[in-house]
Amino acid sequence: MRKIFRIYKPFTHAGILLAAQYRVNFIFFLLGDILMCFINYFLWRAVFNSGGAQTFMGFSEADMVSYIFISFLTSTLAYSDGSYAVGEEIRDGSVVMRMIKPIRFDLAFLFQELGERVISIAIVFLPLVAGVEVFRFFATGAVQFNIVRFLLYLLSLILAYLINFYINVCYGYSAFVLKNLWGSNLLKNIIIGFLAGSTIPLAFMPPVLSEILRILPFASLTYTPVMIYIGKYDLVQILISFGLQIVWLAFFIFLQQVIWNACVKRLSAQGG
Amino acid sequence: MIYVNNLKKEFKKTIKEPGLKGSLKSFIKPKNEIITAVNDVSFHVPRGEVLGFIGPNGAGKSTVIKMLTGILTPTSGSCEINGKIPYKNRKSYVREIGVVFGQRTQLWWDLALRETYTVLKEIYEVDDKAFKERMAFLNEVLELEEFITSPVRTLSLGQRMRADIAASLLHSPKVLFLDEPTIGLDVVVKDNIRQAVKTINENEQTTVILTTHDLQDVENLCDRIVMIDKGSKIFDGNIAELKKKYGQSREMKFIPTDFEAAGKLDYKGEFKLTDDDIEIENDGHNVAVRFNSDKVSVEKILNYTLSHTHVKDINVSDADIEEIIKGIYRSEVKVDA
Amino acid sequence: MKIFKKLHRVFKLHRIFIKQDLKRLMEYKIDFATGAVGMLLAQGVNIVFLSIIFSQIPALDGWKYEEILFIYGFALLPKAIDHLFTDNLWAIAYFIIRKGDFDKYLTRPVSTLFAVTVEKFQVDAFGELFVGLLLFGISIPHISLNINPLNIFLFIIAMIFATLIYTGIKLITASIAFWIKRSGSITYMFYMVNEFSKYPTTIYNRVVGAIVTYIIPFAFTAFFPASYFIAGGNPWYNIGGTVVAGTVLMAVGILVWNKGVSAYESAGS
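Protein chains in written order, with the numbering used here: chain A, 722 to 993; chain B, 1136 to 1472; chain C, 149 to 417.
Rather than coming from a laboratory, the hints here were simulated on the basis of the structure.
List time: in silico DSBU-like cross-link candidates among lysine-lysine, alpha-carbon distance up to 30 Å:
| no. | chain 1 | residue 1 | chain 2 | residue 2 |
| --- | --- | --- | --- | --- |
| 1 | B | 1267 | C | 268 |
| 2 | C | 252 | C | 329 |
| 3 | B | 1223 | C | 329 |
| 4 | C | 160 | B | 1267 |
| 5 | B | 1333 | B | 1226 |
| 6 | B | 1267 | B | 1325 |
| 7 | C | 160 | B | 1309 |
| 8 | C | 153 | B | 1226 |
| 9 | B | 1267 | C | 171 |
| 10 | C | 252 | B | 1256 |
| 11 | B | 1226 | C | 167 |
| 12 | C | 252 | C | 150 |
| 13 | B | 1223 | C | 160 |
| 14 | B | 1267 | C | 153 |
| 15 | C | 177 | C | 268 |
| 16 | B | 1223 | B | 1143 |
| 17 | B | 1256 | C | 407 |
| 18 | B | 1223 | B | 1256 |
| 19 | B | 1365 | C | 329 |
| 20 | C | 171 | C | 247 |
| 21 | B | 1219 | C | 154 |
| 22 | C | 247 | B | 1325 |
| 23 | B | 1407 | B | 1379 |
| 24 | B | 1223 | C | 150 |
| 25 | C | 407 | B | 1219 |
| 26 | B | 1147 | C | 247 |
| 27 | B | 1461 | B | 1435 |
| 28 | B | 1379 | B | 1333 |
| 29 | C | 167 | A | 909 |
| 30 | B | 1166 | C | 329 |
| 31 | C | 247 | C | 329 |
| 32 | B | 1147 | C | 252 |
| 33 | B | 1267 | C | 150 |
| 34 | B | 1223 | C | 268 |
Using C-beta positions, here's what the derived DEER-type ranges look like:
| no. | chain 1 | residue 1 | chain 2 | residue 2 | range |
| --- | --- | --- | --- | --- | --- |
| 35 | A | 773 | C | 176 | 45 to 53 Å |
| 36 | A | 809 | B | 1268 | 44 to 52 Å |
| 37 | B | 1149 | A | 839 | 24 to 32 Å |
| 38 | A | 809 | C | 193 | 26 to 34 Å |
| 39 | C | 274 | B | 1265 | 33 to 41 Å |
| 40 | C | 152 | B | 1280 | 29 to 37 Å |
A quick note: this is a predicted structure, and the numbers were derived from the prediction, not measured. Here a beta-carbon is modelled for each residue, glycine too, at the ideal position from N, C-alpha and C.
Start from the sequences and build out the full structure, keeping to the hints where you can.
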């Protein structure tokens, strides 16, 4: 384990430098995305004002607001653009350079992206969590922050990121087939965003659909961590969802390895 | 035709301090540094002349060209071409000029080449008849026929350059600006392009201003040279003048029958020359003697050589322009502009 | 007559580039199809979201489901038109200026803004256009619209100037790149404000409402004009506001653009 960190540390370092260089841009992009959260916030406030009921399909207004902001935080932190990076390398042929180096393709990308993440975590994490907690305090009149749930959330978030990373790497390999990843990438992001519950809580969907979506890997990306954070899951549900996250992570690591081996075989047979 | 007076261009550059703190500081209160890219450059080009603009990398050639073509606004000084000021009357001015940047194409990457010309025809409002004639002419000079239906992105560098030059000439400009038109091309294509530029210049009295690093371009095409270095003009004149001013040197090369005897020749002592005026190189096959013909005549050098040693072959030549310019770039030759 | 000649030239150039973009589309059929489906789905997801909300409440802040759909559809149309014709401004903000590729536009005897925008015809916009019209088709039978020649005229005016609001905001923020080389993230941030226009401005609090009405006036691209057609109101404010905002933003945009062009520093040698 320590050896892995030593070998891949330079990638993390490069990632941090890269992100530091673009941090002003990053902040503007982030502000643009936070605007979307506020639209949802106002929309839900109007919904609660119009409905007259205290809860909407089992969610109180405080739950809903927490859901909006924590799901934004989760999808921002668990975001991975591995598919783009992998796709680009495949298209311009530099993927061959990866094959002649004694390092693992996926880990090199992973550690670089972790480095880039450091900056975004530094910028968004505290303000968002603090904001949500202050809001929950005023909305409910009591401190809602629970350190155990918060730590469980962090664990689930890390698993969510890793699953998302490997899904994206697997998807990036489609650059071997498609000429231009832009269109399908958009499609993928929307589908995953929807299935992961970042637009609408999965609990709002028809029961059967909602059950199926919860088992699929996408729920592990946003919905699971958020539900843990806002305290909608009990201990049994939390254990089950951790189990699911680990199973899916193992599955995608395995799938990534299989595709990569097939690609290496193909590349060495065709000479790129 | 073209008048350039005391042209000057300064760029502001933000100094970034290292580290997160430094960049935060420069984000809030940026520290600027002024860089003078072009300083007090003046020259005049009469109609129909081909002017070569040379200088080492980063000398400010492209900045001058960009000011003359209306892309950049000068910090001070003025330029006037065909009675127009490029950055003030841009739209009507650029109608009368053609511009080619060798490093980047101005054609539309995805359009078929033929379509590109149709677009340019509309943009420059060339009428149908003139367009047809012009295309036939350009076709003949630049041989576009073989790739005119291909998309620009599929053209080779040489084809692309020909296509770019044709595009710049479609509207029969009075002045043609070529920024490194032969960069990265093979010898045959280079020659092809030089011929084309020459033809256009001779047929239509088009004034041509070109920057280049290829001194063949200069020797084959240019009537005159303006040389700049570090933003300032250091030479202005024709090639003969350049050679006369900096190139009094001649080179005598010979193959001696006896290298030992040849090695004993003492030109420096015989003619009382300093190291500045003579240089001898003996590589074991050839002996090369480069000397200043103002200080000692060719005849004397030849006589001295032939009377003291036997040679298989001998010849005397002008130092080539490449050597001269290399010397100026390296500031070996003292310049006084 | 000169103006006709000029218009003719503009149309002809547009036609060449449109033809070219359609050709490219044929070349990358699958990519286009996935992109278009993506665009459709992105809007579709939001519609599903709205219908889930309305399955629980009868009206949102006094607006019924079909009225919200009408406003939503109204918001998509000017966005799509702007997207279709001026998408290259994003490239200005992201890389054209930084790489020095703006040089070529300056050597052409047409306005730089026209030269930049005519180059790209963004077919992806058909996704938004389609959804917008579809939402009109779904919602109009269920709401009481007062359709008369004056209102049709006002509708067209509103569409034109709402599009100019989009273009103006993109133009101003993209022009910043002339000074700082890369302004894509700024353009993105301001552009995202348009999402506020999909819902009635009355659901926002006073500060946010004022921002999207007076400062980044996307409210005039959809909610104000659309609510005039649904609920009536003062056309001088609801439609006139769109005209004023579109005119002002476009004028400021052109001004900043021109200032930017003379401050342009090109790149490299």
